[in-house]
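*Asks:* Okay, here's what each chain looks like letter by letter:
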Amino acid sequence: AQTVTQSQPEMSVQEAETVTLSCTYDTSESDYYLFWYKQPPSRQMILVIRQEAYKQQNATENRFSVNFQKAAKSFSLKISDSQLGDAAMYFCAYRSARSYGANSKLTFGKGITLSVRP
Amino acid sequence: EAQVTQNPRYLITVTGKKLTVTCSQNMNHEYMSWYRQDPGLGLRQIYYSMNVEVTDKGDVPEGYKVSRKEKRNFPLILESPSPNQTSLYFCASSLRTGSSYEQYFGPGTRLTVT
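Sequences listed follow chains B and C, in order. The opening residue of the first sequence carries number 925 in my numbering; numbering runs sequentially from there. The opening residue of the second sequence carries number 548 in my numbering; numbering runs sequentially from there.
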């Protein structure tokens, strides 16, 4: 079974600075998808960024980028130019590329709470 | 607007009183799923449905039931709620299973069982 580990429960960043959130995962599969979700105080789950394991290029979405290290099974999220609105809980998640039946689920880490200091 | 809706958003109930949390999507999605979120545990899948009349257990199905009689609706049923089912519940849907399809989440239902 796949597992996702987010070892840092909390992080803090100064507004306009850069912060990196760590995530590691364990899987025996070679083809899969990795995600970062943001959960603000409203509790809505918002997809921030997605990475396909078969792609070597790291995904980027505006101020958000990932460092995907497949061999190390590491998937960190970098937030540049942090804004007050980035304060939220962030979840790393894994999904098998087979994605049928039980493999269709998202496996989540425990989450990390990010605070942004003005 | 494409969305997943859940009702109620907040619910306080007592042990043993049957309840249903509704989930509806307007995107003609085949796949729907329920997750629960607990502090320090992240989100865990309760049940999922590949299509109408096709449902199966996720990782934490005990104490829950689901049904999928219509494509758009996927209610979560707690026939005899217990305090350990106090949690934040999310419904999610995607067009199909398969690698490229994003799962869309509902706004969440905060359930407290006393």
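Incorrect hints may appear among the rest.
Calculated pairs, DSBU-like style, for lysine-lysine (alpha carbon to alpha carbon, straight line, at most 35 Å) [unchecked claim]:
1. B:979 x C:618
2. C:564 x B:1002
3. B:979 x C:564
4. B:1002 x C:565
5. C:612 x B:1034
6. C:604 x B:1034
7. C:564 x C:604
8. C:564 x C:618
9. B:979 x C:565
10. C:565 x C:616
11. C:604 x B:997
12. B:1034 x B:1002
13. B:979 x C:612
14. C:604 x B:994
15. C:618 x C:604
16. C:564 x C:616
17. C:604 x C:616
18. C:564 x C:612
Cβ-to-Cβ under 10 Å is the rule here; a few derived chain B residues that face chain C [claimed, not checked]:
19. 928
20. 949
21. 961
22. 967
23. 988
24. 992
25. 1016
26. 1017
27. 1035
28. 1039
29. 1040
The set of hints was computed from the structure by calculation and includes no laboratory data. Quick caveat, the model's predicted, so the values are computed rather than measured. The beta-carbon is built from N, C-alpha and C at its ideal position, and this holds for glycine as well.
*Asks:* Does each hint hold? Answer for all of them.
*Replies:* The hints, checked one at a time:
1. B:979 x C:618: holds (33 Å)
2. C:564 x B:1002: violated (45 Å)
3. B:979 x C:564: violated (49 Å)
4. B:1002 x C:565: violated (44 Å)
5. C:612 x B:1034: Judged against 35 Å, a Cα distance of about 25 Å means the pair holds.
6. C:604 x B:1034: Holds, at roughly 21 Å.
7. C:564 x C:604: holds (23 Å)
8. C:564 x C:618: Cα-Cα ~27 Å, so holds.
9. B:979 x C:565: Roughly 47 Å separates the two Cα atoms, so the pair is violated.
10. C:565 x C:616: holds (20 Å)
11. C:604 x B:997: holds (28 Å)
12. B:1034 x B:1002: holds (18 Å)
13. B:979 x C:612: Answer violated: residue 979 of chain B to residue 612 of chain C is near 38 Å, above 35 Å.
14. C:604 x B:994: holds (30 Å)
15. C:618 x C:604: holds (18 Å)
16. C:564 x C:616: holds (23 Å)
17. C:604 x C:616: holds (17 Å)
18. C:564 x C:612: Answer holds: residue 564 of chain C to residue 612 of chain C is near 14 Å, not above 35 Å.
19. 928: With Cβ-Cβ at 8 Å, under 10 Å, it holds.
20. 949: violated (12 Å)
21. 961: Status holds, d = 8 Å.
22. 967: holds (4 Å)
23. 988: violated (16 Å)
24. 992: Violated: closest Cβ of chain C sits about 16 Å from residue 992 of chain B, beyond 10 Å.
25. 1016: Given a least distance of 9 Å, the restraint on residue 1016 of chain B holds.
26. 1017: Holds. Min distance 8 Å.
27. 1035: Holds: closest Cβ of chain C sits about 6 Å from residue 1035 of chain B, inside 10 Å.
28. 1039: This hint is violated: residue 1039 of chain B lies away from chain C, its Cβ roughly 17 Å from the closest one there, beyond 10 Å.
29. 1040: violated (21 Å)
Of the numbered hints given earlier, the model fails hints 2, 3, 4, 9, 13, 20, 23, 24, 28 and 29; all others are met.
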